[in-house]
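Protein chains: 2
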Amino acid sequence: MTRNEKNGNPEFGHRPGEKAVTLPPQTDAGVYFIGRIRTPWKQRKDCPKNARESDAVCTLEIDARWAAGLKDVESCSHLIVLYWMDRAPRDLVLQVPAHYGVQRGTFALRSPARPNPIAMSVVRLLGVEGVTLRVTGLDCLDGTPLLDIKPYFASTDAEPNAVVGWHRPEKAD
Amino acid sequence: MTRNEKNGNPEFGHRPGEKAVTLPPQTDAGVYFIGRIRTPWKQRKDCPKNARESDAVCTLEIDARWAAGLKDVESCSHLIVLYWMDRAPRDLVLQVPAHYGVQRGTFALRSPARPNPIAMSVVRLLGVEGVTLRVTGLDCLDGTPLLDIKPYFASTDAEPNAVVGWHRPEKAD
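Sequence order for the protein chains is U and A.
Each step along the first sequence adds one to the number in my numbering, with nothing skipped, and position 119 is 119.
For my numbering, count along the second sequence from 1 and bump the result up by 173.
No lab work stands behind these hints: they were computed from the structure.
Quick caveat, the model's predicted, so the values are computed rather than measured.
Yeah, the Cβ is synthetic: ideal placement off N, Cα and C, and Gly gets one too.
Careful: at least some of the hints might be erroneous.
Said to hold, decoys possible - Covered stretches of chain A (in silico footprint by chain U; criterion: 3 or more residues with CB under 8 Å from a CB of chain U, positions within the stretch not fixed):
{"#": "1", "segment": "279-288"}
{"#": "2", "segment": "311-322"}
Unchecked claim - Anything over 10 Å on all C-beta distances counts as not near chain U; from chain A, calculated:
{"#": "3", "residue": "187"}
{"#": "4", "residue": "189"}
{"#": "5", "residue": "192"}
{"#": "6", "residue": "204"}
{"#": "7", "residue": "215"}
{"#": "8", "residue": "218"}
{"#": "9", "residue": "230"}
{"#": "10", "residue": "232"}
{"#": "11", "residue": "241"}
{"#": "12", "residue": "274"}
{"#": "13", "residue": "307"}
Only chain U is shown next, with the shape it has when bound in the complex:
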């Protein structure tokens, strides 16, 4: 099956080995964009491949409507940021990432191309000024819609021994 033309995007080529499915006729729930992410990267090719490659300070700009929700956020050293990768196709189930060149399942990848293009990044919080949060650890395009901010709890979110077997052969216990 080939990718639907309507999802065509020159930044996401349909490579040999990739597989798309027909999307459901409708979505099941709606999300609000609660703000925007400001980064130095205006095109996908400029984004770092891995957020740890970059020390760039990015900002989360939250809409005034939600401002009160930021109370106590400044006490967190790290945050979970969810955002909407609005330029990615949603119908790819098998992908061949350019930098690996091997076919993988979408749910084994962090590619923005997925049924729900919700990205998750762990960021270090540098400061909060009004509705603006300065952070490091992002690798997304400037203007990316923000969905959520959560406190990062090491007790439940940190798994330092986790292994992605296809990426690194040895698997942890």
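Given chain U, work out where chain A should sit, using these hints.
Chain A only, in chain U's frame:
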């Protein structure tokens, strides 16, 4: 401002100290429910307060449409699971969690009540059989809609020294 009646839910009482906002007139994007989460918990009061409290094996059941996307997932020791907390009100910006009794901002909490009720859990993968994944580390209601599965990369996702200051006074460097 009081919480909109239309968002009323007996499982989420409007407590003194809580603040709701008027929701935007429409959502900005749509999500697909890609499957369901099966857990032992049928009511919110039965759910563990913290997923680490429970060794319960839960299952992620992915719709057949997306099955090919599971390729290579079995090589991951841990996964990030995103799911939709469909019973939670979306308009609370200040909350008074019952087990803390103190007013906090929504973005400083992991409460399901938030503008976009997308929960994130880190789970240990026990096995994959067809479109069913057996995992530990979840604390949600049986039947919760599934949004996404991602590989957990310790290199970018594990921050063992992260601190939530309001929860534990000492803050890491």
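Hints versus structure:
As drawn, the segment 279-288 of chain A meets chain U at 7 residues by the rule of a beta-carbon pair under 8 Å; at three or more, the given contact holds. Only when three residues or more bring their CB closer than 8 Å to a CB of chain U does the claim for the segment 311-322 of chain A stand; here the count is 4, and the claim holds. With 10 Å as the threshold on Cβ separation, the claim that residue 187/A sits away from chain U holds: the shortest Cβ distance comes to roughly 15 Å. Every beta carbon of chain U lies more than 10 Å from that of residue 189/A, the smallest distance being close to 15 Å; the non-interface claim holds.
Non-interface status of residue 192/A relative to chain U is broken: a Cβ of that chain comes within 10 Å, the nearest being about 6 Å off. Non-interface call for residue 204/A relative to chain U: violated, since the shortest CB-CB distance, roughly 5 Å, does not exceed 10 Å. Distance check for residue 215/A against chain U: the nearest CB is about 21 Å away, which clears 10 Å, and the non-interface claim stands. Every beta carbon of chain U lies more than 10 Å from that of residue 218/A, the smallest distance being close to 20 Å; the non-interface claim holds.
The claim that residue 230/A lies off the interface holds: its Cβ sits roughly 17 Å from the closest Cβ of chain U, which is beyond the 10 Å cut-off. Consistency note on residue 232/A: stated as away from chain U, and its beta-carbon is indeed over 10 Å from all of that chain's, at 15 Å minimum. Not every Cβ of chain U is farther than 10 Å from the Cβ of residue 241/A; the closest lies at roughly 4 Å, contradicting the non-interface assignment. Its beta-carbon lying about 14 Å from the closest one in chain U, residue 274/A satisfies the requirement of being farther than 10 Å from that chain.
Under the 10 Å C-beta cut-off, the non-interface status given to residue 307/A relative to chain U holds; the minimum distance is some 15 Å.
When the structure is compared with the earlier hints, violations turn up for hints 5, 6 and 11 and for no others.
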